[in-house]
Every structure is written in C-alpha cells, then in structure tokens.
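*Asks:* These are the residues of each chain, in order.
Protein chains: 2
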Amino acid sequence: MSKKSIAVILSGCGNRDGAEIHEATLTLWAIHKHGADYQCYAPNIDQHHVVNHLTGNKMDESRNVLVESARIARGQIMDLESFQAEAHDGLVIPGGLGAAKNLSSYAFDGPECTVNPATKQAIRTMATAGKPIGALCIAPAILARILPGITVTIGQDQNTATTITRMGGQHVPSLHGEITIDHTHKIVTTPCYMLDSRVDQIGDGADRLIAALLQLMAE
Amino acid sequence: MSKKSIAVILSGCGNRDGAEIHEATLTLWAIHKHGADYQCYAPNIDQHHVVNHLTGNKMDESRNVLVESARIARGQIMDLESFQAEAHDGLVIPGGLGAAKNLSSYAFDGPECTVNPATKQAIRTMATAGKPIGALCIAPAILARILPGITVTIGQDQNTATTITRMGGQHVPSLHGEITIDHTHKIVTTPCYMLDSRVDQIGDGADRLIAALLQLMAE
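Protein chains in written order, with my numbering: chain L, 1 to 219; chain A, 1 to 219.
Incorrect hints may appear among the rest.
Computed from the model, here is a short list of chain A residues facing chain L with C-beta under 10 Å [said to hold, decoys possible]:
1. 15
2. 18
3. 21
4. 29
5. 30
6. 55
7. 72
8. 113
9. 129
10. 198
Because the hints were derived from the structure by calculation, they are not lab data.
Glycine included, every Cβ here is placed at the ideal spot set by N, Cα and C.
One chain only, chain L, in its complex shape (with noise of 0.2 Å):
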C-alpha cells in the first residue's frame, strides 16, 4: 500500500502575520511519525501585513505568503492554485494569524469574513470527495465559513466559540492536546495555541489529529 498523502496549507512563516510555526513544523513532523508524507501548499498572494514578531509593530515591508511559507516547507512548496484533490487522501490547516489575515479575512470581518479563493477551492473539493480535513488553532473558524453545520474546537475561548456558531457551526470546549472529530463531515479539529501552551502539549494535539484523519481515511 502506498503512503497516505496529505496536502498541508501553510499561511506564511511567523504567528503574528503568518503560520504558526510550531503547529506546522509539528503537524508535519506528525505526518511523516504515522508513515504519511505530506506535501505543502500556500496561495500566491501579499501578505495583510508584515509584523516585526519582536516589538509586535507593523513594519513596513512586503512579503509574499508563498515564498515565506517556503522557508517552513524547506523550499518543497506548490502555488495553492494547482491543488488538485485527487492527488491527495486529507487536508490540514495549521493556525497562527495567518490563517485569519492571509488566508481569511477572520480576524478582521469574525462571522462575515470572505476565505482566499484558492484556499476555499481546495477545502470544498476536498470535502465534496470525502476525504477528511484537519485544522489547528484559528484556522476551524475558515472551515465553519466555507462547511457550514461542521463540530469543531477552538479550545476554550468564548468570542471564537460564539462566531463559530454565528457562522452554522458548532463548537466543542477543549483542553491541551485534546481533538475534536466531527465524522459526519470528517473534520478533525484541536486548539494548539488558541490555549497558552508548552511546544510539547502542541506536538500532542498535532500528532492526536494526524492519527484520526489517517483513522477516517480507512473508515
């Protein structure tokens, strides 16, 4: 039997204008610890904004979400536009403020919020095939937008939760580590930094995601 394939759709390099670093080094170190392989994705756009992740201040710089995504991918990254379903078994979103600012308009526009064209195609072909999606801190409030009536965890913060629901969602309070499965919809979801965490407790909640999305594969 071939290796499982999940695309990973990374939203920059840095928690504060892009992808969390941690939850995607650790959701692809989890996929290659459970035998799967994985490749990276991150749509061909500017970023919202480019924030100096010491001072916390806005600098004044452009960067691009897929040549910065590259740096967590090693360079081994594809444009967000030619995904393609069929080339893989499940989806991930790792978090950070990139999946609110870059690959969704959330942080911004909470319940009304519009999702990056390429990042919603592949979302929606995914799930149309049936293959099982993940997501990690932020980034279940992009699948409650685009797959409405879907379970999902953001952990244990109120406003979240109650866009979430404002948005035909439903959500699900958790802890450090803990995940969500929604297997009606295959979606499998765990807070990470959403909680003050340690590095270990986000390797927890990535290396617990990524069995159940290989779990739902063989459902």
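Following the hints, put chain A in place on chain L, whose structure we already have.
*Replies:* Same frame as chain L, but now just chain A:
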C-alpha cells in the same frame, strides 16, 4: 527542584539564510517534553543575506537575525549580548545555514571561519562553567572552531568531517536520529538535515540530544 533552563541560540528563520525551522522547533519541543524550560536568544545583527526559499535566489532586502528569530520564538527572545551563563543549565544551537552565515562565517571561510562575538562568548562561558552544550546539523562546526579537541558528529559528509578535524576536533560518523556524546567536554551533537531526513527523524535526534544534555547536567 526547579526546572532546568536551556538557552537556545537561533540564527534567523529559514534553513537557507537562518535557523532551520524544524530543528529549532523540535529542539524547543524536546526541551518541554523532557520537563525543562527554554530561553531563546539571537544576535542583534543583520543576516548575511536574505534568500527566497521558493526559488533559492538572493533577495534584494535585509533582515535582522534577532527580529526574524523572534518568529520561531513567538516573540519570547532576548538579544544574545545579554546572555549570562549563570542563568542557564545548558545551551543548544540548532542548525540551518544561519549557523554558518550569521553566527559564524563557516559557509565562506571553512576552518578559518570567524564566530560572531556574542555567540563565541556564550559558548565559552558555558564551557568554562562546565555546563553541557548541544548542537544540531552544521552547528557543531561552530563549537569545533571555539572549543578545540571536542568530539562531534555532523553525519556522513566527508568534507565537513575533514574540516572539523582541521579545526582540531574529532569527528564520529552518525546516521538519522543518532547522537554523539563527548563526556569529557559535555558536548552532544546530532546530524539532522546534514542527512537527507524525514521530519520525525529530526524529532528523534532533538529528543535524544536534549535527553543526553539533561543527563550530563545530572552527572
């Protein structure tokens, strides 16, 4: 007993011009997994250059090593100038070309390389204090330049092994996830992406390196 504190020196954010992201993240993960705490540091200097990780081409911009390293550290990072050996029980330097371009000139000058003064000071004061030091991937070359007579591994690359020897060190070949321990000098090294590796193998190497570092603290 209070938790052990391990200092981690980052060299940017991305394997081609900074710290290797998987090695850095999995070092932090392993430190937390083994019940210790970390404090990240980086020198407050410009990167040698900025590389587009999608194309491999040099970009016409400049970035600061401390500011970019803050992406991996989620903002919790200190200027390496403020490093005090008394504050920590051990020190780790992840790899990536940032170790060979920003923390030292190894990528350009090989055995005659210079080492960034703050990096040199941190390594020397820890070694003088008898505290263990770990290095991943190409970072052992920096240690070999500063601490003559140490035994390290950088995997299987014969050119790098020869250069280690020319700097007065001893080289032990190693495979994926293996570590080399120099008990006399309290140095632990692991090859990581000096070998063509899967991400879980990087995790294995980081895990074993941190376990050995904590063991050396107890000896």
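*Asks:* Confirm or reject each hint.
*Replies:* Do the hints match the structure? See the list:
no. : hint : result
1   : 15   : holds, 6 Å
2   : 18   : holds, 8 Å
3   : 21   : holds, 5 Å
4   : 29   : holds, 4 Å
5   : 30   : holds, 8 Å
6   : 55   : holds, 8 Å
7   : 72   : holds, 5 Å
8   : 113  : violated, 24 Å
9   : 129  : violated, 26 Å
10  : 198  : holds, 4 Å
Consistency note: the structure conflicts with the earlier hints numbered 8 and 9.
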